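J.: Residue numbers (my numbering), protein chains in the order written: chain A, 1 to 319; chain B, 320 to 626.
Source of the hints: derived by calculation from the structure; they are not laboratory data. Every value quoted in this text rests on a predicted model; they were computed, and no experiment measured them. Beta carbons: idealized from backbone N, C-alpha and C, even for Gly. Honestly, I wouldn't trust all of these hints.
Covered by chain A, according to a simulated footprint, are these stretches of chain B (three or more residues, beta-carbon under 8 Å) [said to hold, decoys possible]:
| id | region |
| --- | --- |
| 1 | 370-382 |
| 2 | 395-409 |
| 3 | 415-423 |
Derived CB-CB ranges, DEER-like [as the list claims (entries may be wrong)]:
| id | chain 1 | residue 1 | chain 2 | residue 2 | range |
| --- | --- | --- | --- | --- | --- |
| 4 | A | P21 | B | Y348 | 25 to 35 Å |
| 5 | B | N391 | A | T4 | 19 to 29 Å |
| 6 | A | R93 | B | P488 | 29 to 39 Å |
| 7 | A | A33 | B | V451 | 39 to 49 Å |
| 8 | A | P289 | B | G454 | 22 to 32 Å |
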Amino acid sequence: MRATPIIRKEVADHLSSKRFPLLVALILLSGLATSYLGVQSILQGPMRETEQTLAFLRLLTGGGGSPTLSFAYFIGLFGPIVGIALSFDSINREMASGSMLKILSNPIYRDSVILGKIIAGLLIILLITFSSTGIVVGFNMLVAGFGPTIEGAFRIIYFAITSFLYISLWFSIGLLFSVLFRRTTTSALASIALWVFLSIFFYLIADVIAAEISGIRYYFPSPPITAIIAYYELRSAISRISPLTLYTEVANVLLNPEIRTTGLFYVYAPNLPSPQPLNLDMSMALAWPSFSALIAGFIIVLTFSILLFLRAEIRPSWA
Amino acid sequence: MKNLVIKTVNLTKKYGDFTAVKSLNLEIYEGEFFCLLGPNGAGKTTTFLMLLGLTRPTYGSAWIYGHDVTKNPLEAKKRVGFVPEVPGLYDDLTARENLVFTAELNGVPKGIREKRIMDLLEKVDLKEWADVKVGKFSRGMKQRLAIADALIKEPKVLILDEPTAGIDPKGSEEILSLLEILSKNEGITILMSSHLLHYVERYGDRIAIMSRGEIVAMGEPSSLIKGESVIELNLKEIDNLLVSELGGIKGVKEVRREGNKIIVLAGKDIRKEIFEVISRRGDKVSGVSFAPSLEKIYAKYFKEEKA
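Next up, chain B with everything else stripped away, as it sits in the complex (with noise of 0.2 Å):
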């Protein structure tokens, strides 16, 4: 059984009479890629900063490595590696300077500091910018820079705050595998709080949807994708019968016929049986859509937040 890294018992954060955190209980393994979701304001940068000994939990403990992070922050933090939504970079310095002062903050020793340096710049694919003023690079190029500012003191979990806000989909997926490959190869816990729901259900060993400071769903990708499917089916001809024998799947919650398009509702992902009728009838499909179910969760929960 794998070691718990990260426990939180009603962890709550009151400001003033505005709860940002409302009876946290979490529990997260060594190596597991653990993703946080919710809408601004939900309380996952508050979670994170109680996480890191910032921020005083209202009631409630944390621990990480079964150190309280209240009593104990500075065991805590010397296990913990943050990657802030802005990564706090400066600018006026060079990436090499930039890790050698959070080296040196970390009491990393001289011997051993430089060659650390490197190999994580070639980790985060920087090395050829190692000397060059951080000023200059871009958002995405910032961020994993404070990826390997983060592991510069060789954490055992990583706790990244929206890591790929503002960067393109080619950056966010670069910086997603980088996380990856630390996770499955290096045993590295992530904790890590996104809004992009395809990267999470992808990456994700198990994911936490919060709203108003609470944990309103938690499992595994493959978990809470059973609880809603939606199939969007455009066909040049729509029949009864298929009707009938797309609402004779088992599963199937309910069929709607919309013009052209035939709505697929199911409690569970019913696609393959959905294309082996069509393929079947030989009916003429010209396009397909799957909503994905984590998406529309979280829709769910936030259009009830809204309301």
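So here's chain A without its partners, still in its complex pose (with noise of 0.2 Å):
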């Protein structure tokens, strides 16, 4: 395969640039800082053995005891940052200088190159993504004293597959962006601003859609409970179209083995007994909408990325 050479070369880029070490410290400095808080507060008070092997993994969560910026929301957060460095200039910065040319001067398909760039730029982040779960987990249970129990551990496995594939979604909106502009501080410009957009001004906009069509402030001050039922699911769904809300939903279902619904309500009757955390089995069917929302979002905006190189006209920019 032609693009060997391409994914040797990029892989080497990637670890020997300056960017690596520090997307690599922001991930696990924040997730180490956050882990050590939320041992010393789950210490602080007796515990039932159910309880500890539920405590390790809202560790890495939050919420339950655990301090509310955990590994899981800096992932959420800052995940974006390592898939849009790793990609934002990976097409442009090669087509201004050059070398695109130049490789596709040789006998090579277009394809091979974008394939290379994407293969390597998935490997770097699979090693960060693993790495520093792993570096995480390990400190949580050195300084915790205790760690996880077998399933507790396949649901931290899940939970650094899904953070593979929310930074990977990020990664291929950084890669189109590339792509599309020929300057890389357009692409970068781009992609920080749809990160911005969908992390934190779209619940705002979710708020005021969801509003409108519910009607809910046409009842105003005591709307009926369907309008107000039909306002959260609104907000809700439509909040889904960003890649943080379902990695959330996903990350929050497969480390808090409690959490019974992604949605508001969860039906329960009263004479029913009291309910038992979901087995991992439960809680993968739970996450697997978002899972699969998260997987179809990255195959969609990494296949654009994709047909637009493959179609792009080569030209060098000094011409």
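Can you join these two chains into the complex? Each is in its own frame, and there are hints to help.
T.: So, in structure tokens, the structure goes:
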């Protein structure tokens, strides 16, 4: 496969770049700091064995006694930066420097070039997510003095896979802008603007749209329960357009077996036994719609990037 | 008869309403040093991009060693080395690492890779710089390394887009001498675009002048020179007899007197005949200038283009 030299070069470039240690440090330090605070808060009170198992997982997601700013929170926040930083200039920088012209004047297909870049980027993301998750989990075990159960370990592995997918989605967005825009500054700004929009402002927009469509404000000050439910369900559905919502849902469900729904309501009858934590299969089933939406988003954006690159007019920037 | 290496038939490229290359018909033969002349926007780079299969022609076809560049670009690219105007080398890699990367892209076997790289670096006089990062290279050194980079696949054709742009005369001379060696000694067909008329005239076996996407003149430098020539003579004294004698030389179209200068326009190179007349008469010449005809032809087309 002629993409191998490109993969090798890209991986070497990423690993030797100044960006790489900064990105790893960003994820790792925030993860370690929040874990340490979480462990301290957990160890303050006595715990039953079942609580201990759940508490270890909660160290990664926050809530239930651990600090709000958790490892999963920081991946949700900084993961896009990692993905964008690895891809925002991968195509347009090579176009501007003339190296893309040089590469493509050799007997190599265009798809090998972009696939080489994608594979290299994904390998780096895999390295960052799994190594930082492993280090944070190891640190938690060391400080807390206890570790996850086998099922808990699998939950953490699935969480790492979800983090990989989430960062990869942002990698593909950065790549798309790198193909679309000739200037690296434009692609960087466009990627960051989209990240800020989808991670912060989109929730405000989702709120306004949901309020308008559900008509909740026309019933003010005492709207009927049906309007309230419609409003919350709409807001929740719209906010799922943001990858951060999808990622947070999957991370929370995987790392907190007590979560029984990603929606607002859980139907429960009083004569049923008290709810037990979900097993891994049930949590997976619950997280699956959001997880598959992340996969779909990643594949769609990546496909667009590849198609645009294959159809792009390769011209020297100086001609 | 030499083999046909590059052939284009009605090769055309349009960007919307703008025609970058218009019905280009070229035939370039094995071992030829073929030069394309033209101002920016004449369509030279677009022609090269189409020959490399990087840009799809709107109409027409191109073949390299019989391989259609649009239908079978990989086979064509196996035989062509390309040196862009900006070499596109990686500044953070050494000269050797850059060549290793290109060798890997071309599937050069590991066993012979190192020797081939060192041989090429020696050929372009960069052997001592093999392990120096390219970011520290001068423009001329980068261009020579780019030529080595293009040669790594042992191509039969070398396409060079303004290889001497931004390089001092000594560096340009070195690059063109290297290309001449590759063409004459190794039989590599060279297709080069350049603005340096005097070099093109000296090194090119054939020249094509492009203007607005079309070839407006093509042939051997000597045949293009036949068209026009201008000789300026600075004399201490000028008499009417000299003017009429010069006007009597075969091929002279016009003799003009401007102060102490005589300007002779001719349909061919008549320098020898003019000097015979002057030396016979014993006129004292303080200066002579011969406007290269190619330059005149080039200027003529571009003047038309500007108008």
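J.: If a hint holds in the structure, say so; if it doesn't, say that too.
T.: Right, here's what the structure says about each hint:
no. : hint                        : result
1   : 370-382                     : holds (count 3)
2   : 395-409                     : holds (count 12)
3   : 415-423                     : holds (count 3)
4   : P21/A - Y348/B: 25 to 35 Å  : violated, 55 Å
5   : N391/B - T4/A: 19 to 29 Å   : holds, 23 Å
6   : R93/A - P488/B: 29 to 39 Å  : holds, 33 Å
7   : A33/A - V451/B: 39 to 49 Å  : holds, 43 Å
8   : P289/A - G454/B: 22 to 32 Å : violated, 50 Å
Against the hints set out earlier in the document, violations occur for numbers 4 and 8.
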